[in-house]
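Just so you know, the protein sequences line up as chains A and B, in that order. Last residue of the first sequence: number 686 in the numbering used here, and the count goes up by one each step with no gaps. Last residue of the second sequence: number 686 in the numbering used here, and the count goes up by one each step with no gaps.
Keep in mind the hints are simulated off the structure, nothing from the lab. Be aware that a few hints might be false.
[Claimed, not checked] Below, a list of computed lysine to aspartate or glutamate pairs in the EDC-like style, where the Cα atoms sit at most 20 Å apart: (1) K478/B to D491/A; (2) K478/A to D442/B; (3) K432/B to D442/B; (4) K444/A to D442/B; (5) K599/A to E424/B; (6) K421/B to E482/B.
Computed from a prediction, not measured in an experiment: that's the story for all the values here.
So the chains spell out like this:
Protein chains: 2
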Amino acid sequence: MSGLLSQKLEVVNLGLPSFAAAIAGAGGSVTQVAWAPPAGGDRAVGEALAKLIGNPAVEAANKKAYGLYLAAQPRLAGVGIARDVVPGVDGRVVLHAGAPVEWSRMCGPMQGGICGALVYEGWASDLEAARQLAASGAVKFDSCHHHGAVGPMAGILSPSMPVWIIDNPEHGNRAFSTLNEGLGKVLRYGANSPEVLARLKWFETTLAPALKAALAITGPIDLKPLMAQALHMGDEMHNRNVASSALLFRKLAPAMMKSGIEAADIAASMDFFTANDFSFLNVSMAACKAMMDAAHGVEGSSLVTTMARNGVEFGIRVSGTGSQWFTTPAPRVNGLYFPGYSIADAAPDLGDSAITETCGIGGFAMASALAIVKFIGGKPDEALGYTRAMADITLGRNPSFTLPALNFAGSPAGIDIRKVVDTGVEPVVNTGIAHKDAGVGQIGAGITRAPLPCFAKAVEALASRL
Amino acid sequence: MSGLLSQKLEVVNLGLPSFAAAIAGAGGSVTQVAWAPPAGGDRAVGEALAKLIGNPAVEAANKKAYGLYLAAQPRLAGVGIARDVVPGVDGRVVLHAGAPVEWSRMCGPMQGGICGALVYEGWASDLEAARQLAASGAVKFDSCHHHGAVGPMAGILSPSMPVWIIDNPEHGNRAFSTLNEGLGKVLRYGANSPEVLARLKWFETTLAPALKAALAITGPIDLKPLMAQALHMGDEMHNRNVASSALLFRKLAPAMMKSGIEAADIAASMDFFTANDFSFLNVSMAACKAMMDAAHGVEGSSLVTTMARNGVEFGIRVSGTGSQWFTTPAPRVNGLYFPGYSIADAAPDLGDSAITETCGIGGFAMASALAIVKFIGGKPDEALGYTRAMADITLGRNPSFTLPALNFAGSPAGIDIRKVVDTGVEPVVNTGIAHKDAGVGQIGAGITRAPLPCFAKAVEALASRL
Numbered sequence: 221m222s223g224l225l226s227q228k229l230e231v232v233n234l235g236l237p238s239f240a241a242a243i244a245g246a247g248g249s250v251t252q253v254a255w256a257p258p259a260g261g262d263r264a265v266g267e268a269l270a271k272l273i274g275n276p277a278v279e280a281a282n283k284k285a286y287g288l289y290l291a292a293q294p295r296l297a298g299v300g301i302a303r304d305v306v307p308g309v310d311g312r313v314v315l316h317a318g319a320p321v322e323w324s325r326m327c328g329p330m331q332g333g334i335c336g337a338l339v340y341e342g343w344a345s346d347l348e349a350a351r352q353l354a355a356s357g358a359v360k361f362d363s364c365h366h367h368g369a370v371g372p373m374a375g376i377l378s379p380s381m382p383v384w385i386i387d388n389p390e391h392g393n394r395a396f397s398t399l400n401e402g403l404g405k406v407l408r409y410g411a412n413s414p415e416v417l418a419r420l421k422w423f424e425t426t427l428a429p430a431l432k433a434a435l436a437i438t439g440p441i442d443l444k445p446l447m448a449q450a451l452h453m454g455d456e457m458h459n460r461n462v463a464s465s466a467l468l469f470r471k472l473a474p475a476m477m478k479s480g481i482e483a484a485d486i487a488a489s490m491d492f493f494t495a496n497d498f499s500f501l502n503v504s505m506a507a508c509k510a511m512m513d514a515a516h517g518v519e520g521s522s523l524v525t526t527m528a529r530n531g532v533e534f535g536i537r538v539s540g541t542g543s544q545w546f547t548t549p550a551p552r553v554n555g556l557y558f559p560g561y562s563i564a565d566a567a568p569d570l571g572d573s574a575i576t577e578t579c580g581i582g583g584f585a586m587a588s589a590l591a592i593v594k595f596i597g598g599k600p601d602e603a604l605g606y607t608r609a610m611a612d613i614t615l616g617r618n619p620s621f622t623l624p625a626l627n628f629a630g631s632p633a634g635i636d637i638r639k640v641v642d643t644g645v646e647p648v649v650n651t652g653i654a655h656k657d658a659g660v661g662q663i664g665a666g667i668t669r670a671p672l673p674c675f676a677k678a679v680e681a682l683a684s685r686l
Numbered sequence: 221m222s223g224l225l226s227q228k229l230e231v232v233n234l235g236l237p238s239f240a241a242a243i244a245g246a247g248g249s250v251t252q253v254a255w256a257p258p259a260g261g262d263r264a265v266g267e268a269l270a271k272l273i274g275n276p277a278v279e280a281a282n283k284k285a286y287g288l289y290l291a292a293q294p295r296l297a298g299v300g301i302a303r304d305v306v307p308g309v310d311g312r313v314v315l316h317a318g319a320p321v322e323w324s325r326m327c328g329p330m331q332g333g334i335c336g337a338l339v340y341e342g343w344a345s346d347l348e349a350a351r352q353l354a355a356s357g358a359v360k361f362d363s364c365h366h367h368g369a370v371g372p373m374a375g376i377l378s379p380s381m382p383v384w385i386i387d388n389p390e391h392g393n394r395a396f397s398t399l400n401e402g403l404g405k406v407l408r409y410g411a412n413s414p415e416v417l418a419r420l421k422w423f424e425t426t427l428a429p430a431l432k433a434a435l436a437i438t439g440p441i442d443l444k445p446l447m448a449q450a451l452h453m454g455d456e457m458h459n460r461n462v463a464s465s466a467l468l469f470r471k472l473a474p475a476m477m478k479s480g481i482e483a484a485d486i487a488a489s490m491d492f493f494t495a496n497d498f499s500f501l502n503v504s505m506a507a508c509k510a511m512m513d514a515a516h517g518v519e520g521s522s523l524v525t526t527m528a529r530n531g532v533e534f535g536i537r538v539s540g541t542g543s544q545w546f547t548t549p550a551p552r553v554n555g556l557y558f559p560g561y562s563i564a565d566a567a568p569d570l571g572d573s574a575i576t577e578t579c580g581i582g583g584f585a586m587a588s589a590l591a592i593v594k595f596i597g598g599k600p601d602e603a604l605g606y607t608r609a610m611a612d613i614t615l616g617r618n619p620s621f622t623l624p625a626l627n628f629a630g631s632p633a634g635i636d637i638r639k640v641v642d643t644g645v646e647p648v649v650n651t652g653i654a655h656k657d658a659g660v661g662q663i664g665a666g667i668t669r670a671p672l673p674c675f676a677k678a679v680e681a682l683a684s685r686l
């Protein structure tokens with residue numbers, strides 16, 4: 221002991237940096253290790269986690285679930301009207317993003333989007349009547365995820381809306397999402413003016429038939445190779461979809477020409493599709509949904525199959541815990557705001573688009589989308605860092621989604637609730653930011669994190685089932 | 221002196237590494253500096269170089285020339301038939317890539333391409349007759365560059381061929397290139413079979429009219445923003461043009477629809493354009509030609525305005541030395557060969573496409589095209605290294621062409637013959653590789669270097685004019 225005190229100290233400090241600072245201040249040599257107790261030191265969660273880590277049943281279940289995820293081969297199979305193709309969307313039903321949430325608790329943009337949808341459907345004559353109808357309980361609201369669907373931001377999906385149909389023949393499942401409306405005043409950000417609803421009608425009458433006819437000619441389009449190529453072209457397919465949109469367009473355009481659709485309608489459809497760098501976003505989301513749904517429902521698996529925000533709560537679902545949601549209040553996003561707006565104007569984190577991160581792209585593939593930092597803030601090096609960090613909380617790397625900037629390593633994919641809770645590293649999510657009030661629209665974009673409490677709750681639930 | 225010998229030696233060694241190895245072997249500390257004498261130690265060139273370095277007249281001329289390059293705003297203005305729009309292409313004239321070269325010295329692919337062009341033009345009934353006609357002296361051959369044109373590989377341009385028209389209203393100049401034929405059996409690689417010639421005819425009758433009609437509707441398309449965006453999407457616009465082709469297509473496709481052109485012809489044109497990831501290459505080259513021609517002819521400037529290969533010689537032209545070519549034998553490319561081929565099968569370096577590197581993209585912008593290393597060999601980190609190294613031999617960075625992987629630094633642009641000769645750093649060039657025989661086609665791709673002797677000759681010529 222006296223020998224120890226006479227030596228020059230070389231200290232490794234775990235956790236609280238203030239101890240390290242004191243040693244360094246006294247002239248000592250200290251190496252700081254970023255560490256926090258698992259589950260933020262919560263004893264019950266820590267004990268649940270201990271049951272799961274190294275558990276052979278969980279390992280086997282994860283192997284199976286991850287295999288189903290990797291084996292998925294999502295295809296863009298067609299376009300249909302929601303009431304005809306999305307299970308359970310008939311009668312007065314409106315789907316929304318994230319975990320289920322009742323009307324009175326919904327955030328402004330979601331209420332705004334729903335009011336717009338009720339007028340669009342003809343169930344209400346104007347927005348005020350729509351608001352009364354929504355509050356009356358005569359319309360059923362449900363999570364998109366309960367119907368194989370996903371929607372960006374408010375994620376409003378009503379029966380008359382056209383949807384992309386993605387199938388996954390490997391597993392026999394299908395997924396759906398609406399057509400992307402572009403930027404500016406759009407329903408998904410809670411805008412509901414006549415121009416917004418007129419655009420949705422035009423989707424029904426013109427754009428969707430043209431896309432449907434084109435897909436009938438191309439046949440189903442394999443999405444994994446297209447998405448892999450877009451990852452080599454600077455897209456992460458959440459906040460940046462310019463390459464994937466262009467790649468899809470060049471497949472659809474010649475087919476539209478051969479479809480027999482009126483030339484003026486094709487030209488208008490082409491104009492709309494090509495003017496919108498987010499055209500592919502909803503396809504990307506539904507493809508990710510199809511991949512993750514294939515991996516859902518494997519008893520014992522700690523794989524996250526859903527991350528989604530309803531504008532009030534951030535919610536996740538896990539392969540091994542069935543239909544249960546694990547939620548916590550949704551954070552506001554500290555991102556890059558458009559001029560005149562700040563975080564004080566923001567709705568809480570919103571939308572199903574975190575399905576992309578759940579699937580190993582989006583924020584997890586930031587290393588492929590260095591130019592995106594212009595849109596969401598930050599430096600290119602930070603983009604590499606986000607991708608590298610996500611490898612600490614995922615089950616593996618997806619060999620189909622390679623990242624040139626990381627020497628073609630696969631994107632880290634398959635979030636493991638055990639790893640998130642054990643390391644305290646929260647999944648990164650690229651996102652758009654909606655104004656908190658209905659009818660305003662997008663006010664920024666940025667990077668947020670899936671909050672730890674969702675994962676802690678899931679760990680406890682999964683442990684209790686074993 | 222005796223003090224020096226008693227000290228521990230810390231040596232900086234310039235040049236030959238063998239001296240450093242000897243010191244290190246004896247336990248000494250040595251820092252090796254890569255260095256070679258300017259101009260490979262050639263005294264005359266070194267003296268010429270000394271006259272140019274720091275010369276106020278050269279500095280002023282370079283400032284002017286570089287300003288003209290930066291100010292250029294190339295636009296895709298239209299499509300026309302060569303004889304109608306390319307100056308001096310009437311009668312029996314065929315243009316080719318690189319510096320002027322007479323028929324008897326031309327490489328196999330260039331002779332093959334010319335024979336194909338003579339049959340295509342109807343000047344010869346078959347390939348054998350074409351060969352006799354070419355050798356007879358009755359057809360005039362000239363460098364594309366003498367007519368404001370550029371062509372990839374053999375670069376064959378004959379009067380009936382449709383060409384892209386690029387204008388640069390800032391300077392009042394225009395540039396031209398043929399339409400890209402795709403990969404496989406194509407005239408630019410010396411193939412000349414009936415299918416190759418039938419495709420050229422179809423360009424005349426179908427593709428070019430559709431493109432021309434589309435451009436009449438879009439109006440001139442600004443190319444610098446499109447190219448800047450493609451640089452953020454993994455293209456360097458020499459060996460990788462997938463993003464730029466897709467971005468151009470999404471502008472042209474809706475316009476084609478509004479052109480009144482027959483639907484079947486539009487569909488066929490779209491099929492061809494979208495199936496070819498090199499559709500944009502020829503546009504890129506002509507845009508670069510327009511930018512560099514704007515900077516050409518500034519007396520005293522040491523800016524390189526042309527790098528081009530005719531399959532026999534590598535040639536450059538310099539802004540301050542007028543129409544003079546400085547040539548040296550073209551190297552064979554030590555690249556990535558398709559299965560069954562090796563460097564022994566290769567034609568010497570060929571084509572005008574090094575105009576892209578001359579303009580600060582292509583190999584100079586490798587940092588934007590990390591995925592390209594799959595096509596030309598190498599690792600992503602090496603791609604960054606090529607771009608960084610080119611900053612040592614260029615006059616500046618082009619602020620319009622930013623590179624996300626280098627934190628949005630501009631691409632190094634504007635090769636200075638003084639810097640090349642002073643440092644011995646040869647400009648890097650991405651390239652396709654043609655088989656040495658006519659009619660075979662592409663056999664690989666790789667990275668090559670513009671040979672130092674061209675630059676040394678240019679230094680002497682420029683110095684002699686001052």
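Report the numbers of all earlier hints that the structure fails to satisfy, in ascending order.
-> The structure conflicts with hints 2, 4, 5, although it agrees with all the remaining ones.
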